[in-house]
Amino acid sequence: MPLKEVAKFSVSQLQVLDEHGQLDEKLDPRLSAADAVRLYEAMSLGREVDQRLVRLQRQGRMGTCPPCTGHEAAVCAPALAMTDRDWFVGYYRELGARLMRGDSLEQSLHFWHGHEEGNVQQQPGRTLPVTAIVGAQVPHAVGIAYAMKYRREQDSAVVSFFGDGATSQGDVHEAMNFAAVWQVPVVFICVNNQWAISHPREQQTRSETIAQKAIAYGFEGLQVDGNDPLGMYLATDRALQRAREGGGPTLIEALTYRLLMHTTADDPRRYRSDAEVERWWKRDPLPRMRRYLEGRALWGEAQQEALQERMRQQIDAAVNAAEQAGGWRPDVLFDHVYGTPDPEIEAQRRSFLGSLPRAGAVDGHGA
Amino acid sequence: MAPKLTMVEAINLALRQEMERDDRVVLLGEDIGINEGVFRVTAGLHTAFGAERVIDTPLAESGIVGTAIGMALAGLRPVIEIQFAGFVFLGFGQLEGHAARYRSRTLGQWTVPLVLRMPYGAGIRAHEHHSESREATLAGVPGLKVVIPSGPRSARALLAAAIRDPDPVIFMEPAQLYRAFREEVPEEPEVGVLGRAHVERTGSDVTLVSWGAMMLPSRRAADLLAREDGVQVELIDVQSIAPLDTATIVESVARTGRCVIVQESPRSFSLASEIVARINDQVLLQLEAPVQRVSGYDVVTPFFQRERLYMPNEARIIAAVGQALAD
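Residue numbers (the numbering used here), protein chains in the order written: chain A, 1 to 367; chain B, 368 to 694.
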């Protein structure tokens, strides 16, 4: 039976700055000195806060939280490529990027400590809050992108982050299919960190890459070294440009690794080897970015020490403020079930307040 | 005189008028554009407003609800059509996990003002997954509003209110009533009030509570009871399943001392069960008899050869009223 080839595809990988700090000059996005430093500082702050969150959790001063260590290039570089007009639709492992988007550190601490108040942004912008159902936020991003196109907003697009595990969810498939059919301005960034809790990527999908899934939907998919901040910046910048020009969606697979546990309640030694983790620590995006800055004479030991001190003060201040905050009304949730008053909910509020042992008993920060 | 419309035509009128009034209103669903919907509810809208506002989506309910959530977050007013009620559960995760919760989990900073309309209920000889009455399942989700009209005029007014409401509203259209009768519907827009029951007929002997398609046999039963037995029925059309207008119901029951609730859905864990509980909470001592429930059974909605046997009818309602009056 003679077979005719009807389609042919390939998947490319992009790397601009390799793990030894070597730069591919032809691909260099030529970040300004200010942007390059901003990116490194944001990645560093993400890492530093992450380490502190894990320690606070171990001390019983913080709720369960999902460390972002290792993801800094994959999430902060796209945030640098975005403007305030772009929408950031994330999941839960983009701390450094969310801080770049204007989330305050204190608010983030409230959130991970289990207070709804942590979701209330000081300056409501275009950053959606953390969501826990993996993949569920991706159709939201596509709907937002539809609204951008509907309003003829040519200066804005949507960036949606999700993990490799989320690509098994029907919602991610449905979202990408809708985005392609509608040709809306959305950039999908799959942070492929190799592990969906204990499931390795190979047990999540038999696709050789995640980037190639885009081909099936009819748009471009690109694999990027997710520990390469310049590669991630370049890929996101190009995809955003295409989106804003009406060129539709792009899928970026950020090939990276979750260096720590899934959450502070997880023990990754049950399912993966120390040797594997060691190999990935050698590709850590932070020293790579620092070497790049040093190569451009933008950074040195003095700047590093000053940054460490600045971050320590900033984080200490936020932790202190968060731990001293409180006095929030226990019945605030009754305010926000509906946007209109409901007598039944008001009756239940009165009953709830009447049932409290004493005022203020449940609004503190007890562990 | 105002034109006499079917419920399908009245819903179409509401959609058209709301789209004319507010260009943030967009419709999305399967086969709603060129095909104008399998029940023709969206007739003429694709022609009038174009493919950008009357969006034919790929076949994927979670995708439809999920993208509509994004549209609402970004300031549009999406109105979803789910082709048949049995398919809504493919989008339930998005409704329950996100549409219903954005307001609470951000303490009001982000809200999802969308409407999800769908035909529901038996009586149109459709096949499996086309005939369910699962209003209690949806109403049991904090943050969702659930509305069910019982006639063309209320359908138009309540849908207009749903589209203007700040919350996600599930608008369940009794498929059996789509073309069952016509009613005068004024041309000028009428906007109903969500969260309010309607006392359709006043009476002093017994309170009969129902909604949606079950208002038809309830009306007929009330007529028959008045004509043949001299029983004065107070008939309440609930209209708003969530939030539920408890005050109107208990005030009536406090006067009549007797109550019968008629619903198409399965009996257990249902709206009828909830109404009984609220009556017990508030006016138990004014009751002269136990509250009666006339309902579907706790079985999967049958295929259409058995649907008439499953659904409440006048005879069962009259028997339940007799029981309530006898005690």
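Note that these hints are calculated values from the structure, not bench results. Note that the structure is a prediction, hence the values are computed from the model and not measured. From the three backbone atoms N, C-alpha and C, an ideal C-beta is built for every residue, glycine too. The reader is advised that the hints may include incorrect statements.
[Stated by the list, open to error] Per label pair, the in silico range of CB-to-CB distance:
id: 1; chain 1: A; residue 1: 6; chain 2: B; residue 2: 665; range: 50 to 60 Å
id: 2; chain 1: B; residue 1: 622; chain 2: A; residue 2: 345; range: 23 to 33 Å
id: 3; chain 1: B; residue 1: 417; chain 2: A; residue 2: 300; range: 15 to 25 Å
id: 4; chain 1: A; residue 1: 341; chain 2: B; residue 2: 553; range: 49 to 59 Å
[Stated by the list, open to error] To be clear about the criterion: a stretch of chain B counts as covered by chain A if any three or more of its residues have a C-beta under 8 Å from a C-beta of chain A, and this derived list gives those stretches:
id: 5; region: 433-445
id: 6; region: 461-471
[To be verified] Among chain A residues calculated to face chain B with C-beta under 7 Å, some are:
id: 7; residue: 60
id: 8; residue: 63
id: 9; residue: 119
Which of the stated hints cannot be reconciled with the structure, identified by number in ascending sequence? 3, 4, 7 and 8
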